[in-house]
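Okay, so the sequence shown: first residue is 414 according to the working numbering, each after it adds one.
Please note that a few of the clues may not be correct.
[To be verified] The calculated label-pair distances, taken between Cβ atoms and stated as ranges, are:
no.: 1; residue 1: Arg764; residue 2: Thr733; range: 21 to 29 Å
no.: 2; residue 1: Ala816; residue 2: Arg1533; range: 21 to 29 Å
no.: 3; residue 1: Thr1312; residue 2: Trp1441; range: 50 to 58 Å
no.: 4; residue 1: Asn978; residue 2: Gly778; range: 35 to 43 Å
no.: 5; residue 1: Ala933; residue 2: Phe1384; range: 53 to 61 Å
no.: 6; residue 1: Arg764; residue 2: Ala893; range: 22 to 30 Å
no.: 7; residue 1: Arg1164; residue 2: Glu614; range: 32 to 40 Å
no.: 8; residue 1: Ala887; residue 2: Asn1464; range: 20 to 28 Å
no.: 9; residue 1: Ser1414; residue 2: Ala933; range: 42 to 50 Å
no.: 10; residue 1: Arg980; residue 2: Gln875; range: 25 to 33 Å
no.: 11; residue 1: Ala933; residue 2: Thr1312; range: 56 to 64 Å
no.: 12; residue 1: Arg1533; residue 2: Arg1081; range: 54 to 62 Å
For the record, the hints were derived by calculation from the structure and aren't laboratory data.
The beta-carbon is built from N, C-alpha and C at its ideal position, and this holds for glycine as well.
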Amino acid sequence: MGRGVLNPLSVGAQHMLIKRKYLFGTTILAGVVALAAPAFAQSQLPGVTVQGQSDEAADQLSDVVVTGSRIRRDPVNSPTPLIQVTGEQLQTTGQSTIIDYLATIPALSNSLVPSDTTGSGLNDGGLSFANLRSLGTGRTLVLVDGRRHVGAAQGNLAVDVDSIPRLLIENIEIVTGGASSVYGADAVSGVLNFTLRRDFEGLEIDANYGMINQDGQANKRISALGGINLLDDRLNLYAFAEYEDIDMVESMDIDWLRDSRALVGIDADPTNAPNDGMLDSAVFSGLTTLSRPRWGQTTLANSQQPSPLNDPDVPLASCTALTSANCYSLDPLKTYVYEGSTARLANFGQRIGNTGSNRTLNIGGDGENPSRFGQDSRVPESTSSRYQVGANFAITENIALTAEYKYVEEDTFDIAQPTFFDIFLSDSTYAANWTNPIRATSQFDLRLDNAYLPANVRTAIQTNTVTNYTANTATPGTPATTTARAWARHSMFGPDRSQDNHREVERYVIGLNGGFDQLAFIKNINWDLSYVNGEARNQNIERGVDVQRFALAADAVVDTAGAVNGRPGEIVCRAKLIQATSGDLDDYFRGGLLTDSVEGTRALNECVPLNVFGAGNQSEAALAYVDAAITVTHVNQQEQAVGAVSGQLWDFWGAGAIGVAVGAEWRREYTEGVGRSATTGDRLLFLNTGADFLGAEYESEEWFAELSLPLIRDSWLGEYAEVSGSYRAFDYTTAGDGDVYGVNFVYRPIRDITFKASLNTSFRAPNLGENFSPFSQTFANGYVDPCATLNIAAQNTEIRTNRIANCQALLNQYNSANGTALAYDFAGTTATNTDDFNPIYSSGIAGVTGGNSNLRPEESESFTFSVALEPRMFPNLQLILDYYEIEITDVISSVSAQTMSNLCVNGPTLDPQTCGLLFRNDPTAGREFYLGAASGDPIGGFIQSSINYAALQTRGLDFTLRYSLDTEEAFGWNLGRFNYSLGGLWLIEQKQFLDPANAASFTELSSGVFYPRVRMTSSLTWVPNDTWSVNWSVDWQTAQDSARIRDQMSNLDSRPYDTYDTGDFARHDFTVRANLRDDLSIRFGVVNAFDAEQPAYLGTTTYSNFDPYGTRFFVGLNYRPF
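Please take these sequences and the hints and turn them into a complete structure.
Structural data, given as structure tokens:
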């Protein structure tokens, strides 16, 4: 058995077999019940059909190749569950893109729509990736006419489905279950096959204007397809062109984000009494925050009085060091905001939230909407041009040539979270004739003689004192000694970080295919040879700031003598004044002096003073000086050559001829990404810097075979039965060799009902990015330390016990390595919390992310069982039940710093794999044992990489009901025709096994946010005559748990009861279509007619399954002049 095959007798497989015995019976029972009560079934999207037809319809079809097999057969006998989406529906839907529509199909929930790929990653703004069964975009194989398509993101094979020409799409076939034995790697959860139109003749123009957000942002598209037949219809030539323009949607364009709603902490429980009867949180709207406004607020060093231990809303947090976050809690008497060149104490309005020493939220008063700065662009601005030309030529009766060329060009622009800085103000860290120290990418110091610092703020800092408090007991902490602390911290968001992306995709396909009646004992022979060459090119301009220039520019002073430019009283950069007089030009980034390097010298000579105190005070010259950009160009290349032949052997017992197919495949994947290192140069940038991806590739050689064996036909045992199998052996230059297989069974006892079952093993080879991407800088934002005493107390008993022991073990290692004697009460058992470990991370933690060349292939096993019912007693009724289960092992996953930190300490003992990638080396006073490292450390606080450590399991039941009613036939009076469909998914389980220390431990996602237990799409179309049709569609989802009550049994007052789940969600869409002439039709409608939106307490994260964009309208036309 090869390395890539799954052992069917594994523990997971045995569990699956037990489940199958249960589901086999219940699925049949559900089908029988559905015959008696057809109203209890699932519907389907307009234009979506599920494979399975009546015999009368099947008699009109010749044998064809359907997705899931290479053997030609009657589509009714397709061996796997098959969902089809028609090209017509893609044109007429109110959804603006292909992926937006596909993501409403329950089987494709959690596909990545443009809003999901905007703002958070690099080089991927606006990309669209299908995600079958929510198992990951890299585990869904996307084909075009059965052939591979080059991946869009660097080193990744996931296909941007919106790059596929819309008007050319005949249909999309969706197959659930592993299909690697037929199509090769990556078909772990299944296959999406885009089948394109052939032999098109004439001209078709389609145009659409659709709002993508209720504030008016829109998608404008025009498409054209022309074709002609020549040489007695032996030659067909076609050409396609499309232009699409999409407006940017920013956070403040979305009404519920403008409302600024959130679940806010209002009470903290004692460690030993987590359920004190007072709600710990409540939902508020209209929130603003003063924590980090654009261009900042300044807070003087202070200390907050800790609450009594029986109501510990405010913990003890003593101010002991300039850079300690404990010193800078927002305080109405210590926090200043800026208006023009002046400053005043901040207006806190109605302060919201009672927990923590730093309470940042208020209603009214000063501050900004917290939705604004998490992510600016929710949908990128983009323009796209797509072209495809092709030819289909019948060279002889038995040989045909296919050729096509596609070119796609797309430009996108999006804005991510702005740059952010903590600037420490004091006269204690450097002298007036020194350059200012840079502590980290987002931290540096300024002196109090800064030219732009308002005089009242300077005076307040100079006279500031701090009173720390004694430990809180049954009573609040009491004031201790008051100490002079001329310290302040200026916290700010600065210039935007943006990405300007230019993408190009080229794809060439050439193929020969043909057939002949018989060769020796093989009949109905069909053969196919094809070669595909695809290339995706991406140039991304990533814009941020030069941190060293920003720090030098912010350190502005008054040149009283005019030493720099001969103008006394001019505001200049301190570094230039030092250069003109005398002093220390230390380079805190490179070491040595600024004048020792080219970039340091340029930064010094070109320095323009920058006012960082208050929005609107920045000169264009200063912003231009600190601006920085890097340009990265990446390339994905793909080559695929496939040869296959299929035919029919003998018919031994009258059930039908044995079908066979054999073939071979060769494939090459290559990727590179260059420019990041060269354009970063010798600069300290607030950008994702790192090494270039200098190029990596792999090749694969694969051999495959299929066999179908009809068992009965028109027998007393039933109308038809067939068993079929497939096998593939592979050899990868990176992942090694192995094999996979599939077994299928089809049984139709009577014409009304068909049963299908399949068992498949599949594999996914590590992609080039997972294997070989170089280390680059990244940040862990919003990090929650799993060793914090308060966080430990909030866990269940098992994890709490493990974390207490493991965090103590980590602390022992830290003390041993650093010669320290730190001691913390991780259990929170002592009467005081002065010895608790409750770190405050005020900004993102720097680390690196990169590839892992030691990855193994992922392996999977899938099982499906289907019942298709078309009862003669109910004409025009179809009911389909498709059960599936998929298990994936050795899952390759990029583990975040947060996940690694949790995995490190959650198990019975420390996990060496994840703990070894984390570094608690922050040397800053008051931050010992924090995750992090010293400024300039090449690694930082963590190494984020992909590892084979996880497993995934999912089970579900697709259900589909379709019914058509002609009122004239049914009732004798003509009200037109009604077509109804209901299609949905009952998600039985969706498990993630993410704990390497405990293989049986899992997280159940089903019924959680993004994973509704049941999702259904209902469609009712009324066709009163040949001209008009009206459609009403509903996307309905059951309530999803935002927090599981079972996990909160010891703390039932943690939140209001109605915030434990989202409540049921329903989006209603209406479409009207009119065929005005034979050659002209128009369509118009409304999406999300009743403005359904996600619940307030989910915060500012957009959950695309809830439709974040409100009520919007669309209009389109289709014109076919000839």
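For each hint, the structure was consulted:
1. Between arginine 764 and threonine 733, the C-beta spacing of about 26 Å keeps the proposed range 21 to 29 Å intact.
2. Between alanine 816 and arginine 1533, the C-beta spacing of about 25 Å keeps the proposed range 21 to 29 Å intact.
3. Between threonine 1312 and tryptophan 1441 the CB atoms are about 53 Å apart, so this pair conforms to the stated range of 50 to 58 Å.
4. Judged by the Cβ atoms, the range 35 to 43 Å given for asparagine 978 and glycine 778 holds: they are separated by roughly 42 Å.
5. Between alanine 933 and phenylalanine 1384 the CB atoms are about 59 Å apart, so this pair conforms to the stated range of 53 to 61 Å.
6. Hint check: arginine 764 to alanine 893, Cβ distance near 25 Å, so the stated range 22 to 30 Å holds.
7. Between arginine 1164 and glutamate 614 the Cβ separation comes to about 37 Å, which falls inside the hinted range of 32 to 40 Å.
8. Between alanine 887 and asparagine 1464 the CB atoms are about 22 Å apart, so this pair conforms to the stated range of 20 to 28 Å.
9. The given range of 42 to 50 Å is broken by serine 1414 and alanine 933, whose C-beta atoms sit roughly 58 Å from each other.
10. Between arginine 980 and glutamine 875, the C-beta spacing of about 28 Å keeps the proposed range 25 to 33 Å intact.
11. At about 59 Å, the CB distance of alanine 933 to threonine 1312 agrees with the hint of 56 to 64 Å.
12. Checked against the given bound of 54 to 62 Å, the beta carbons of arginine 1533 and arginine 1081, roughly 41 Å apart, lie outside it.
Checked against the numbered hints above, the structure breaks hints 9 and 12 and satisfies the rest.
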